[in-house]
Amino acid sequence: MTATSARLSIRSLFLWVIMAIATITLVLATGLSLYLQISSYREDLEETVVMLANIISENAAQDIASGDEQSTMRHLSSAAQAEIVAHVHAYWYNPNRSDDLSFLSSYHKPGEPPIQDQSRRIHLLKTPSMGDGTVEVARPVTYNDNYVGYIYLSASAAKFNSLVGQAILLNLGVMFVMMILTLILALRLQSVIVGPIESMADFLQRTARLRDYSARTPTSSINELNILTDAVNVLLARMQDYVQKQHEAEEQHRQLNASLEDIVSQRTVALKEANQELIQTLEKLHQYQRQIVENEKMASLGDMVAGVAHEVNTPIGLGVTASTMMLDQIGDIQKDFENRTLKASALDRFLSDSQENLNIIYRNLNRAAELISSFKQVAVDQTTESSRTFCVSQLINEILLSLRPQLKKHQHKINVHCDPTLHVETKAGPINQILINLIVNSVVHGFEDTESGTIDITADLMTTSTLKLVYKDNGKGIPDEIRKRIFAPFVTTRRGQGGSGLGMHLVYNLVTQGLNGSITLSSEEGKGVEFLIVFPVETATAGNENE
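Going by the UniProt record's numbering, the residue at position 255 of the sequence shown is 255; the numbering climbs one at a time, nothing skipped.
Listed next, the in silico DMTMM-like pairs over lysine to aspartate or glutamate satisfying Cα-Cα at most 25 Å (straight line):
no., residue 1, residue 2
1, Lys413, Glu530
2, Lys413, Asp460
3, Lys413, Asp456
4, Lys472, Glu524
5, Lys472, Glu530
6, Lys126, Glu83
7, Lys409, Glu448
8, Lys468, Glu538
9, Lys413, Glu451
10, Lys472, Asp456
11, Lys472, Asp460
12, Lys484, Glu530
13, Lys468, Glu524
14, Lys468, Glu425
15, Lys472, Glu448
16, Lys245, Asp230
Honestly, the hints are just simulated from the structure, not real lab data. These numbers come from a predicted model, not from an experiment.
All chains, please: the whole structure from these sequences, using the hints.
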């Protein structure tokens with residue numbers, strides 16, 4: 001069933017409502033009338049039966065008390081004068097049978113078969129009882145203020161049933177006539193009320209289809225419908241004005257569009273020229289950005305070179321000092337030897353000092369060699385893009401060794417958590433630059449107000465082909481407005497103090513482009529930072545490590 005067919009029309013709804021109300025009202029009225037009439041007929045019948053039983057009991061009281069069957073029979077036969085009486089029984093208290101009721105005499109209407117003894121039902125018939133077309137009642141018989149017996153009377157209810165049938169037919173006929181009259185009246189009211197509404201609906205449909213908003217609906221003789229008609233006419237008048245204004249506006253728009261086409265074409269040419277200039281400007285900007293990033297790399301490498309040079313100067317200076325002392329002592333020993341004044345104690349002291357100075361020279365030269373080797377490996381890693389197999393913990397330690405000149409100025413603690421047997425094959429250069437930038441950022445920004453910060457670097461394999469680096473510090477964290485765009489270029493909190501804002505942008509590019517990985521940041525102001533770096537690698541054994 002469609003939505004249209006499921007809807008009720010006003011015409012059918014109006015007729016259904018009126019007929020439903022009329023039907024309910026007539027059914028209730030007819031039912032109430034029948035109930036009252038039947039109750040009245042029943043009360044009349046019961047009163048008649050009770051009255052006849054009382055008359056018989058009064059007339060036959062003396063004969064029943066004496067147990068005279070024949071005299072009692074004559075009194076019972078007097079009930080034949082009433083047509084409705086069918087059976088009459090007389091029961092008495094026989095002194096010879098204690099106080100039990102005994103059958104004394106009876107009367108049966110001619111043509112009616114006798115009925116059995118009803119003495120056992122006497123106590124149930126003290127009030128009239130109807131059933132199976134008869135009415136039964138039992139009345140006590142008193143003589144000299146003593147109960148001497150009972151009169152049982154059974155009467156026909158045929159007349160009562162006839163009256164009830166006539167009443168039902170009469171009421172149903174009246175209800176049927178009233179239903180017909182109601183239907184006629186409902187149809188008349190339906191045409192008076194619904195007819196104008198349907199005419200108005202047809203008018204509105206025709207107006208909407210033809211879009212003839214100048215038409216007006218005729219008035220009605222019903223006040224409420226006339227109010228609706230006036231409202232519809234006002235709406236049509238406003239719609240007509242609106243449509244007219246819309247047509248005028250459309251005409252103005254057409255004229256404006258005609259004039260705007262020339263303006264748009266001119267603006268399009270100008271926009272193309274501006275876009276060309278913008279593309280050229282963006283190309284220059286990208287060149288400048290790449291140049292600045294390269295400068296940032298070289299500046300970082302230059303700082304590291306200066307630090308390592310300063311760090312190497314110390315052991316070399318100590319070696320030079322120790323060698324100078326040895327040369328002076330050798331000169332003194334040589335003079336004594338030539339002058340034949342060399343003493344055993346002086347030679348022994350010379351040998352002891354020489355051994356100590358040689359040990360100093362060896363340790364410092366070895367330290368310088370280690371620094372130069374670490375710097376060489378870091379520098380090679382920063383300038384090469386090829387993959388190699390290396391020990392992760394050794395790489396991190398070499399990076400920390402290259403940063404020692406900058407870190408020894410502070411008391412920061414760096415903890416490295418990495419399996420010393422973990423070897424991977426990937427590009428070491430981006431890892432070098434990433435960790436250097438992160439450590440320098442922590443020292444310069446995170447530990448700006450403290451001299452004893454803590455950095456934790458954790459490296460382990462997530463899978464056999466994925467390495468996870470976690471970098472954490474307990475510095476002052478990153479503000480919300482900076483954290484949201486931390487990896488964008490030129491974002492810095494030290495503008496005008498030497499900060500370029502390209503450090504984290506360089507880290508992001510190294511992770512995503514150099515290592516084909518991902519980097520995420522977690523930080524709250526005052527609670528440090530945590531960088532999670534994940535990138536693909538190939539596992540390898542220690543024996544495959546290339547120095």
